[in-house]
Structures are given as structure tokens and as C-alpha cells.
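Undergrad: Residue numbers (my numbering): 5 to 166.
Source of the hints: derived by calculation from the structure; they are not laboratory data. A quick note: this is a predicted structure, and the numbers were derived from the prediction, not measured. Take these hints with a grain of salt, some might be off.
Unchecked claim - The list that follows gives simulated cross-link-like pairs (lysine to any residue, SDA-like), each with its CA atoms no further than 25 Å apart:
1. Lys-39 with Tyr-110
2. Lys-10 with Met-24
3. Lys-56 with Val-161
4. Lys-39 with Gly-139
5. Lys-46 with Ser-132
6. Lys-39 with Glu-130
7. Lys-9 with Leu-27
8. Lys-41 with Val-155
9. Lys-56 with Glu-67
10. Lys-99 with Val-116
11. Lys-41 with Asn-120
12. Lys-46 with Ser-33
13. Lys-41 with Leu-27
14. Lys-10 with Met-21
15. Lys-39 with Tyr-152
16. Lys-56 with Ser-33
17. Lys-39 with Met-60
18. Lys-56 with Lys-10
19. Lys-99 with Gly-149
20. Lys-39 with Asn-120
21. Lys-39 with Ala-49
22. Lys-40 with Asp-134
23. Lys-40 with Asn-140
24. Lys-46 with Pro-157
25. Lys-39 with Ile-154
26. Lys-41 with Asn-140
27. Lys-46 with Cys-137
28. Lys-41 with Cys-151
29. Lys-40 with Asn-120
30. Lys-40 with Ala-53
Unchecked claim - Derived CB-CB ranges, DEER-like:
31. Ser-7 with Ser-132: 23 to 33 Å
32. Thr-135 with Lys-9: 54 to 64 Å
33. Ile-26 with His-95: 33 to 43 Å
34. Ser-25 with Val-96: 29 to 39 Å
35. Asp-162 with Gly-93: 47 to 57 Å
36. Ile-29 with Gly-66: 55 to 65 Å
37. Glu-163 with Ile-29: 37 to 47 Å
38. Gly-139 with Ser-25: 18 to 28 Å
39. Asn-120 with Ala-53: 17 to 27 Å
40. Glu-163 with Ser-25: 49 to 59 Å
For every residue, glycine included, the Cβ atom is placed at its ideal position computed from N, Cα and C.
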Amino acid sequence: MKSYKKGFTLIELLVVMAIMSILTIVAVSQFQNAKKKARDTKRRADLSAVSKALQMFYADYGEFPSTNPSVGVPEFDIGAIWGGSFQDGNHVYMKVMPIESTLDDYPYCYVVSADNTAYGLFTYLESSGDTECQGNNYTCDGRSGYCYSIVSPNVTVDEMSE
């Protein structure tokens with residue numbers, strides 16, 4: 005009488021573990037890429053919202069707000085900071101200015117022309133496959149490496165990049 009042992013061999017278990025490891029690595033990588041793309045989408049939306057607020061300010065005053073050199077944000081009678089409100093004495097243009105919290109080296113950046121008739125907003129996008137960032141290297145407030153921008157309609161991005 006032959007006795008058969010039921011179960012898996014060591015090689016079969018190792019093969020299954022190797023396949024599961026490869027699938028896990030691929031899944032985690034895809035998840036990380038999806039998170040980067042989501043943060044990039046938020047960055048685009050943030051700059052678009054700030055751009056609209058700047059256009060409203062321009063409609064009221066005929067110029068864009070000057071910058072506070074120490075923090076690179078619009079400056080008003082009561083001040084404005086990234087993460088704070090964007091307002092003057094009469095209007096609230098944005099209750100809360102967006103803030104970049106994941107990329108310490110690339111905070112959002114706002115620059116304005118010397119005559120306050122043009123502006124540029126800059127950020128960095130993480131997703132390496134993003135076509136809007138490929139080949140771009142803008143400088144804003146002394147920092148280079150920004151690759152995404154929104155500028156006022158009357159100028160080019162190169163005019164606003166330092």
C-alpha cells in the first residue's frame with residue numbers, strides 16, 4: 005500500500021510567494037502613481053482658483069496685488085498668506101488661499117510684474133509622465149524647477165518666469 009502525502013511542495017510555495025510579491029509591488033507602485041496624479045490635479049485646481057480670485061481683484065482695482073517679498077504671496081492692507089484669506093477691506097476674494105503641504109521644496113509661487121498688470125502662478129507637478137511639465141523649468145521667487153504655471157492673459161510664461 006502506497007501512502008500519498010497531500011499538500012504543496014516547497015518549490016510550489018516559493019513560486020506562489022514570488023508571484024504574490026511581484027503583484028504586490030506592481031499594485032503599490034500603481035497606487036503611488038495614482039496618489040501623485042491626484043495631488044497634481046489638486047495643484048492645478050488650486051492655481052486655477054487663485055487665478056480667478058486675482059482676476060476678480062483686477063476687475064475691482066485695475067491692477068494685480070503686489071507681492072510681499074518675504075512670503076511671495078499677494079499683499080493687502082490686512083495681508084494675505086498661503087493658507088490664509090485673500091481679501092482687502094471690502095472684498096473676500098478667497099476665504100482660504102490654498103497651500104502646498106506635500107512638497108516643501110516647491111511651495112506655490114506668485115509673482116507680479118513691476119507695474120502690477122500681469123501675474124504668474126507656479127507649482128511643481130510630481131507625476132513624471134505629465135505632458136504639461138515635460139521640458140519646463142521655470143524659476144519663481146529665486147527657486148528653479150517649477151514646471152506648471154498659469155499666467156495672466158497679457159503675458160507669456162517666459163516673461164513671468166525669472
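Undergrad: Against which earlier hints does the structure fall short, listed by number upward?
TA: 7, 11, 16, 17, 18, 19, 20, 29, 31, 33, 34, 35, 38
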